[in-house]
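Model the full assembly from the supplied sequences, consistent with the hints where possible.
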Amino acid sequence: MVKHVLILLCSVMSSWGIAQEPMSKPIPVLTLGTFHFDFPNLDKIQYAKDEMIDVLEPRYQDEINKLVNALSEFAPTIIVIERPVKMQAEIDSLYKLYQEDKYFLHRGEYEQIGFRLAKKLGINRIYCVDEWGKHYNDIAELLEDENSDDFIQFENSFYNHPDSIKEYYPESVFKECGIIPELILLNNPENIKRSLGNYLIGHFKYEANGDDFTGVDFETGRWFNRNLRIFRNIQRIKTESKDRILVIFGSGHMNILNYLFECSPEYCLYDVSNYLNIQN
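Take the sequence shown: its letters are residues -19 to -1, 1 to 261, numbered as in mature numbering (1 follows the signal peptide of the UniProt record, and there is no 0).
Honestly, the hints are just simulated from the structure, not real lab data. Quick caveat: nothing in here was measured; it's all calculated off a predicted structure. Ideal placement from N, C-alpha and C gives every residue a C-beta, glycine not left out. Any given hint could turn out to be false.
With a straight-line cut-off of 25 Å between C-alpha atoms, the simulated SDA-like cross-links for lysine to any residue are [unchecked claim]: (1) K223 x P9; (2) K147 x Y180; (3) K223 x E243; (4) K100 x F55; (5) K174 x G191; (6) K101 x Y84; (7) K101 x L75; (8) K223 x Y251; (9) K25 x M68; (10) K67 x R210.
DEER-style ranges, computed between Cβ atoms [said to hold, decoys possible]: (11) P143 x D193: 15 to 25 Å; (12) G178 x S53: 28 to 38 Å; (13) N190 x L102: 50 to 60 Å; (14) E171 x S129: 35 to 45 Å; (15) D130 x K100: 49 to 59 Å; (16) S5 x K156: 42 to 52 Å; (17) S222 x H87: 42 to 52 Å; (18) R106 x F205: 26 to 36 Å.
Dropping the structure here:
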């Protein structure tokens, strides 16, 4: 009896194997971590006016053109950028004007690189995939009242904590060396790995009562949930076997996004350093 059951089970499992469709080939993905070309100063690291560069200057435009030519060798068919999903219609409109030579590119990297490359390759749409993370209810309530003692104490821990000396931010080189050397620095795997450590110290360890997880839960929503949502937005883009995806995002996001692309059976992450070896 046991023998017959085993034979039947093997037969069923075998038929399942035949019925299953073969796994599709992973979609090639290239991620380009950037600094924000327009310097909005919305991140932890702030730049003074004399520390910034103007990417519209001829020397930087020349670098950007060389970068676009190098990235075109990857031959992406899909380009995603760090703009909120709700801005898709606006980006569609601006990009259409640019395709018709009726729009002058602004300083943002999503236009300087994304628009320029998409037009060069004949891509008709650039995808906005950025999202904010979602907080647990107690964290959302904490963040609602910026005048409360709890919020003030929490905010102070963000800027003043004993782990500040452990934070890792490689010194920028765009001012002295240019855009491409800066991108090489930002996309260095060791720098990307170490940047994630900034989210595991300091504020991450904040506890309102000494035994809670306020800091952990905050970072869960602010950073980890946010990047998972960004990744999910990329998954939502309908792809075919011929497609290749280029992700243009702030370099800080690569400490999560690259890991997700590496782990996912649906994508194959390419090494961006192969496209940044550009001679000035």
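To see whether the hints hold, each was checked on the structure:
no. : hint                    : verdict
1   : K223 x P9               : 9 Å, holds
2   : K147 x Y180             : 11 Å, holds
3   : K223 x E243             : 19 Å, holds
4   : K100 x F55              : 15 Å, holds
5   : K174 x G191             : 29 Å, violated
6   : K101 x Y84              : 15 Å, holds
7   : K101 x L75              : 16 Å, holds
8   : K223 x Y251             : 15 Å, holds
9   : K25 x M68               : 24 Å, holds
10  : K67 x R210              : 14 Å, holds
11  : P143 x D193: 15 to 25 Å : 19 Å, holds
12  : G178 x S53: 28 to 38 Å  : 34 Å, holds
13  : N190 x L102: 50 to 60 Å : 54 Å, holds
14  : E171 x S129: 35 to 45 Å : 40 Å, holds
15  : D130 x K100: 49 to 59 Å : 53 Å, holds
16  : S5 x K156: 42 to 52 Å   : 45 Å, holds
17  : S222 x H87: 42 to 52 Å  : 35 Å, violated
18  : R106 x F205: 26 to 36 Å : 29 Å, holds
Violated hints, in rising order: 5, 17; the structure is consistent with all others.
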